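*Asks:* Assemble the dimeric complex from its two separately framed chains, guided by the hints.
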Amino acid sequence: MWTDNSLHHPFQTRRDFLHRAWNGIGALGLGGLLADDLRGNDLLAEVPPVPGDPLRERLQVHGRKAKHCIFLFMQGGVSQMDSFEYKPRLRELHGQRMPDTGVSGELQGRLTFPHECVGSPFEFAPHGQSGRWMSSLFPHLAKKVDDLAFIHGIKTDNQNHGPSTYHVTTGSQFPGNPSVGSWIQYGLGTANQNMPGYVVIQDPRGAPVNGAAVWANGYLPAAYQGTLLRDKGVPILNLSRPHSLTEAEQRREFDKIKRLNELHLAARPGASELEARISAYELAFRMQTAAPEIVDVSGEPESIKKLYGLDNDKTAGFGRQCLLARRLVERGVRYTMLINGVQIGGDSWDHHGKVKDGMIKKSAEVDLPVAGLLEDLKQRGLLEETLVVWASEMGRTPFVNGSASGTPGREHNSYALCMWMAGGNVKGGATAGKTDDYSLRSVGEPIHVRDIHATILDLMGLNDEKLNYLHAGRIRRLTDIGGHVISEIIA
Amino acid sequence: MNQIARPHAASIAAEIRALSRNFMKGCRCFFTAAALLTLAAGSRGAGAAGPEEWPYSRPLDSPPPEVKSADRVVNPIDAFVLQKLEANGLTLAPEADRRALVRRLYFDLIGLPPTPEQVEAFVNNPAQNAYGELVDSLLADPRHGERWAKFWLDLARYADTAGYEGDPDLPHAWRYRDYVINSFNRDKPYNEFIREQLAGDEFEEIMGAGELPSATPEQAVALTFLRLAPFTEPRGDESRHEMLGEMTSTVSSVFLGLTVGCAKCHDHKYDRIPTKDFYRMQAFFNTVQIAPPERGDIFQIGGPLPADFYREGEKEWAENKRKELHGIQGQLDALRADFGNRAGGALPDEKQLPDAKQRADKLDEWIGDPANEAISGAEREQFLELKERLPFVKQHLKRLQPMAMTLRHSLGPPYEPGVPVTRVMLRGEYDKPGEPVEAGFLSCITGSQEPARIRLDPFKRWPTRSRRMALAQWIASPENPLTARVMVNRLWAQHFGRGIVPTLSDFGKLSGGPSHPELLDWLAHRFVEHNWSLKAMHRLMVNSGTYRQSSMSGSDRAALVDPDNTLLSRSNRRRVEAEAVRDAVLAVSGRLNPEVFGLPIFPPLPEDIAQRVKYDQSKWATDRGPDGRKRSIYIYQQRTLTMPFMQSFDGLVCEDSVPERRLSVTPLQALEMYNGDLVNVEVKHFAARVIKDAGDDPERRLERAFAIAFGRAPTAAEITELRVDAASDEKLTGLCRILFNASEFVYVD
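As you go down the protein sequences, you meet chains C and G in turn. For the first sequence, my numbering begins at 1 and goes up steadily by one. For the second sequence, my numbering begins at 1 and goes up steadily by one.
One chain only, chain G, in its complex shape (with noise of 0.2 Å):
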């Protein structure tokens, strides 16, 4: 605080809580009369600082530290941990065992258990470099990518709906979801990632006349990303100012680590963020289009636009789905026409009631009525399942059509609209406009409020377009300071279970800076140099000795220097994400179905959750068969319905960008465990498994079971605990679940 005489901060607090009612009124943020009474001061700390100051200054080159304990430095990444650790009279944990590495691996690389034969495979393998052989196969299995798009999604606030009254369905957004996961497994360097994302539409550069170019499907459904908000019912320009300013919000926190969010009412209280950088970033959005709502959406939230099919196979997996879902169609014609042959004169003819609408109604009726018995009970159960399906069968075909869930810029005069003036709008208020203000970069980073420089094509016929890629290429530069740090901490995070910046969407002043500030900017370095790829961070993160400690707990000191351990002296022990909880019961059951991409699924829902919580006959089609038991990636992101059983795991479909997931402990994640229906359907799969592999030997099933369940053998105190319930085959179902129960089965060391 600086030299400035104040009056009692209690008056001067009830003052400004009054002039914060008037000013601030309608705003989403809020701050407290402290940081208020800071700002009454004068003394915003960031307020006179430069781009040279951390966040905003480029990332250092540091090379790493000379430390002590030089033979636990696997990679650099350990010299920088070391140092701090040393610093602190600590040093790293000793490496965990091969079996809890080889558990932490599958979890963290691919999100699910490892089988005991790949357990032992690793566990046995007498390779010098057994341990990187092991995480170079699993960055290059496809289900690298499920694992990893969940994350990406969370932030990406991606849902298969559009929230609010009605919750309307958004069928095509799960093209989005495969790009996220095809995009991982194919390691997309994560500069292209941020383009297609953001301006998948204006890749092209135009450098003459002719036809407009347009995105190639992959980048029109990567746009997806900007239409992911939850949408209701428009009201005109006020829909349109929200619309652009949570994009505006959601690419700063994204990409960026910075709350601009908070700049649309009042300059940012803590960051050097003025207002009017959050409109001079929102003008970079002002020429975007949706399509208008399709005929018969009631709810009227916005339209796709045509994308083809593009990756390899799934021109013909679309064709082959869609073929099959029409046989449903087809199934029920031909029942109705069988049938409609068995009514004689049960049923009014053309000319008693010429409208074939009301006559077809008539036909439905008499098949579902049970006292016909021209029809029999398994016939008509069959007529009624099907029918029931239809409507679903039908959402499914809207969803297979070539189409996608983006948007394009619009075409300008003379077909469209010019550039709009974007204004300031005071107090985020979209009726009230204030001074008009250029496209430009955010001025923390670069210094200045210069408009910025917007290359059109050389006749100026598109002035609409390349708005959005001029801040892509932006984001997307290796000179900003911003985009590679904050990405790399993105990773460090779900690997080592806490940001090396702790607040992963917002590296402001508020975040408190990076515990390991060389370490951060080495990282960012080595991002850029790697050509943005993803997977090399990933390898160059869980090769070092940091990521192989052991997660007991240290030393005393540790205990008490360090109680978070944010000096990493041993690896957090974590509970997995809901997703892998459930894919890790279907993967011990042996029932996952390992099928990749394609439309939602639909788990069952418990008891009568699918009926009550809809609102239309067209959602939640429940797949009972293996299209259910997909992985939990594909899982319809219903916005009004959280699986209750992902929900009791804190997983949870995102209304807005979610950085980080919680892992708390409740009891319903035991009701679920113990008395759930996903559970105790598996856990007979689980011990046909173990029977089929092991015999009659309880010993031996205890082993097998073990081993399937944890990657381990059970200890001689388990033995003892465990032997009489695997001795029957009755009791051995009770020994699953008492295994899926059991904390080992949900957390890894």
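With the rest of the complex left out, here is chain C (with noise of 0.2 Å):
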């Protein structure tokens, strides 16, 4: 809704902006805005959510392939120099302390310990035609090499679990904010009208970091929030009837309270929002049917499950994690995170110490299911229209606080974050920003949090800048204060 006029006319008051507002909102030819859910909030974003019916697909602002996103979230901190930045200087240095690099604050206060540098135990290779170096712990994933394209050096605004979680999945270090699911939504809708839009997969053995929060709809409606589908029993809460019923009794119940709620509309015509309630309760029946129906894989060909590890002890938890969204992608998800990893502790990718073995146990969850999933998304030609961010909270030091002798391990480096994207619009092969050469932290322009969310709402057609949300007095985006879109890698 920001047009050059509206530079030249800024808006005095919010009153003042929602009237202009609202005359937009009548040039697209949007009419009937009703009921408690606007209350002028939602004209905030670029493209409204239509009243009533938040979820109701809208088009991207700007166009762009990706229609659905898959974030697959490593919980702890992936050691990025034991993974996708190769760093051959830091191993001439095992066991040494590290040369004077200036750092300052937190890093800096870390090296005023004793500490040794940690080389990578694993051998890296150049792979594809991109001659990208890789570890030795993804194999498979090197196979993918050219559809990825890599930023490194990410910088994140906190080093301790809880904040950079919510920072990486919410934008913000402090809770209460919505995740990126819940802004792509809002900013979107579904195509999916007999499923939730936004589907949250969380490792079989736990939940992550700050639990629910990381897929929130913080200040957004509760209608933007993730849904957690589950691994056992009914994936949705609540999904399935009261025992005891049939399928045709649980129909005529609903058209029982159907009736009734159309009579009690009827004594109040224009109620928009008690339409909207009998709209609600006609998805829900649907989602009933269609929910057990995506999560059942035994329809699948062997190939795929094994495409995907599901026939191995090591790759079926995530395996299952990564074929469960490629079936949300195809009945048209919007949004799915993936989390692998349980809070802190041995399940995590948070290798304080033994990084050589948490790195080969972790690697080996992962890598397979996560190359399968590019494969069977571009043998079904869904890459294209689908975006895939592999996200961490943050990156490791590459020294010890200690000796390095004996079986090393690797501190928190909010200053190195490396993620890669591939679909969509991402040019495969590229790389953006760069880390010096230990790893410790970014040279040359450093790339932030808020850069990557630009990144990934702008390769879902969507502005950053314009994605807005009037809460609390203020006027909120994912980015805060604007994120740098990374051209770099963008075809």
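It should be emphasised that the hints constitute simulated quantities derived from the structure, not laboratory data. Warning: the hint list may mix true and false statements.
[Stated by the list, open to error] Using C-beta positions, here's what the derived DEER-type ranges look like:
(1) N124/G x H243/C: 38 to 44 Å
(2) G402/C x E429/G: 40 to 46 Å
(3) A266/C x S555/G: 16 to 22 Å
[As the list claims (entries may be wrong)] Heads up, simulated SDA-like pairs for lysine to any residue below, C-alpha to C-alpha not over 25 Å straight-line:
(4) K535/G x H516/G
(5) K84/G x R557/G
(6) K432/G x E445/C
(7) K387/G x G418/G
(8) K258/C x P698/G
(9) K232/C x Q647/G
(10) K232/C x P606/G
(11) K258/C x R241/C
(12) K306/C x R241/C
(13) K731/G x I278/C
(14) K731/G x E262/C
(15) K155/C x K432/G
Every value quoted in this text rests on a predicted model; they were computed, and no experiment measured them. We put the CB at the ideal spot given by N, CA and C, even for glycine.
*Replies:* And the structure:
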């Protein structure tokens, strides 16, 4: 809604602004603004949600191929110099103090303690047309390397688990904010009206740090919250009808509810929220059939199950998560978040000690399934329209506080998170950002998490500066003060 | 915009974007390019205004205006409302019928539906003042505080855990929840309520030598308000900077309705709040001292301080509860002794295994072994159940210690450091100190940046004391132009569905100002005049003719000139809040546990949520008995887990101050109400209640079920539709489920 015209006449009050927004809506032909769900708020999005039907699909603001996003979140901090960043110099320095790099803040604090550099124990080799160096931990992903664009040296605002998890998943290190998936739903709605548009599949071993707040809608309406797809029993909470009822009996009761609500509405003409409620019941009814069908993978061919590693205990967990993600994409679900790792401990990517053993274990869980997912999306022509994002909480340090002999680990590093993206308009084989010879921190213009979020929104056809929401007197958005779209990785 | 020539807007926007990137890094606010452009052009709308401008000017006490429809004026509120309506060619809608009114009042004032008997008593009350009497009785009902406390707890960002990694328990936070309920029920004057929460430890003025006076237990508990922000592993100066900054922002938005927090990093872009004022205000908090973490707290969240139980009967209640909980430990010990005697040689003795702890583990292992025939299945089950409950019991015992999540002022020299220098922090960053500032009130209100006068004791023995009290007294003063306005506007929004100022925690320029400025000011004056009594304000508002209007859509003209119903030509129909949905289900089934106050409750969670979203063994001690059916206000507020039922109805566990709830409509609500455990357990009890009251006759059953659920008789069309469902006991459960899912169950006209 910010046209050049509005630049010349900035709004003076929220009311002026809303007044103008109203006119804008009229021009778009989206009349009939109603009910509580608007209160002016939703008008701040460039293409506002339809009141009473907040999840109805809407067009992208600028044309991008991606219609879906799969966000792979690795709980903990994936060690970038043991996975996707080849740092031969670090190996030469193994067991020695870090050279003076002039760092400040927390990193500098850590370096005043006894410490030794830890070279990567893994072999690196170039792969694909792009000749990108990858560690031997990711043999399957290495075959897909020409589809991936890497971003190095990403700065996060906090190096503790709680805040950094919030930061990467919601754009702020502080709790209470909507997650990336909520923003995308708010901006685009969803294509599948029989399923929630934002689905989360957590590690079968348990919940991530910060729990359900990681997929919360924050101050956005409840319609935009992530829905947890459960790996046992019914896939969505409260999805199965009450015991003892057949489907026909339930349909009969739903019809009665509908009839009663229609009588109630008839006595209150024009009450749009009551109309919306009647539709919500119908959607709920359809979800009961649609959701169980999605999680039932028994009909998938053996070759596909194998592709995702369902035939192997190590990979079956994340493999099933990846396979479900593809099935969700096929059915039009807008945003899927897969979480690998639980809280902090042996099952997460948080290797303060024994980084070698830890990385072997964790990479073995995800390497094949992620490569399988990319392969499967591609062979079905879905990779074009699906943005896949690999993320973690933070990077790790090239040194260990203590001795590098024995089984060293690595500390947290909020200056060198490494991520990759694939699919949609992502330019495969591209690289953005760079870290120094030790992967201690970035060199050149630093890339911040808000730049990552701006890029994700851009690749989904949204403009991060125009996806706004008025909350508690402030216009809020995912990227806060605004991010740079990382054009190097966009085709 | 003024007359400054400007280059092409887009290029300026680009430049400002680049500038803002550099200057505003790390700041939590952002502003649109357009707004920044306004700045660049030098036209800060509010910049030139002084304290005479709204909302910084004192409220005017205008007399209620003359209106044409004088017969519709029940109290002066209506005159103000009618004036605006008549100016737009509108008037008030007819008064709602008594059945609609009684339901509206019950949900609004106590958060529960009326029973059929309560509905009939009101509908058939011939007294002239039947309505006023009902209002008075509901305001005197102890359930009034339970309903209205939640509105305050949302503002106070109340939770029972600290959030973040580990989401550690705040075992004493619940006492603050009870403090709020109790304060509302006793109609504590709002100015006192403010002073207690900001400066409960600084009430007593020191006139001479002697011991430092301490806060009363109630005042200590009230101070929990300042401790409720999420808290994560501290990082030294940075954490203290964040903590004091959060107090400053929250206090400003809650009590003053000003987004002072925006000025932490840069001068406020819309309101006259320079960065310096943020730090001048923060300086009132700079002698805050929180207790160090308790031993064993690996998350280092800071500890509680002593505060005795103080309410009538509270001490005895706590003592009894403690005994009850200790009983479980005793029972376990007795079972162990009994089973241990049966073990004989099956277990190692002291010589074989000298470590007592290891021997105890062996015993438990042996008891738990299903192959062990010395113990019956039932005995084993009882033992394991008690054992599983033990960590929860221990945590409850901790909650019952006479402590509070409170704070105090530091003692100052020679015991503790003196008053630290507060500095402006450049760009809001903790390690970029700028110029020093003295504690002082907001200049947009006072018109100057003079330091505040802080009244120390005569010998200045406690220089660190009285700083927060100085701030609290300034806020809670009748002279403060915002405090009373902001609070009456909050109450108004709860009663009428939207505020006179629509942004409840932001009275600044972006609010757009009040829709009825004279009315807001008139209410603010009455509030102070009635000794800051909240109940007096509730009474005034709900007795008005404006409140009593019907919610049925009004004239075509209203739809045209006032589609948002800002002018109030009818009442706003509303979905009840998450807490009231759950409470109404339990009230209708007849199983709501009416017990007031106490430890947090843990209602059953669906499926395996309790196991999956938790961090340690002491979380979510599911209450399967009556405790789990107390009112929703008592539900444990775990920051990493909002109960799915509450969440689907926009209930939330607060992270920061929440001025109002969304009231959305989603399919997950339908799944919750139709398929969910709560409803499907309670339908059986609802059905049983109907059968007990109405016997076998289908029509009598229908009448009774409708009376309980909606407070009215079924219509002919409804009887035709549903008669068959009331015909058999089996079907009746389905009928009850249908009624729980009706729009009328969750919407109040």
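*Asks:* Each hint needs a verdict: does it hold in this structure or not?
*Replies:* Comparing the hints with the structure gives:
1. N124/G x H243/C: 38 to 44 Å: 42 Å, holds
2. G402/C x E429/G: 40 to 46 Å: 31 Å, violated
3. A266/C x S555/G: 16 to 22 Å: At 19 Å between Cβs, range holds.
4. K535/G x H516/G: 22 Å, holds
5. K84/G x R557/G: Holds, at about 14 Å.
6. K432/G x E445/C: 22 Å, holds
7. K387/G x G418/G: Measuring from Cα to Cα gives roughly 49 Å; hence the hint is violated.
8. K258/C x P698/G: 21 Å, holds
9. K232/C x Q647/G: Cα-Cα ~22 Å, so holds.
10. K232/C x P606/G: Roughly 13 Å separates the two Cα atoms, so the pair holds.
11. K258/C x R241/C: Roughly 17 Å between the alpha carbons, so the hint for K258/C and R241/C holds.
12. K306/C x R241/C: 34 Å, violated
13. K731/G x I278/C: 23 Å, holds
14. K731/G x E262/C: Since the Cα atoms of K731/G and E262/C sit roughly 22 Å apart, the hinted pair holds (cutoff 25 Å).
15. K155/C x K432/G: 20 Å, holds
Checked against the numbered hints above, the structure breaks hints 2, 7, 12 and satisfies the rest.
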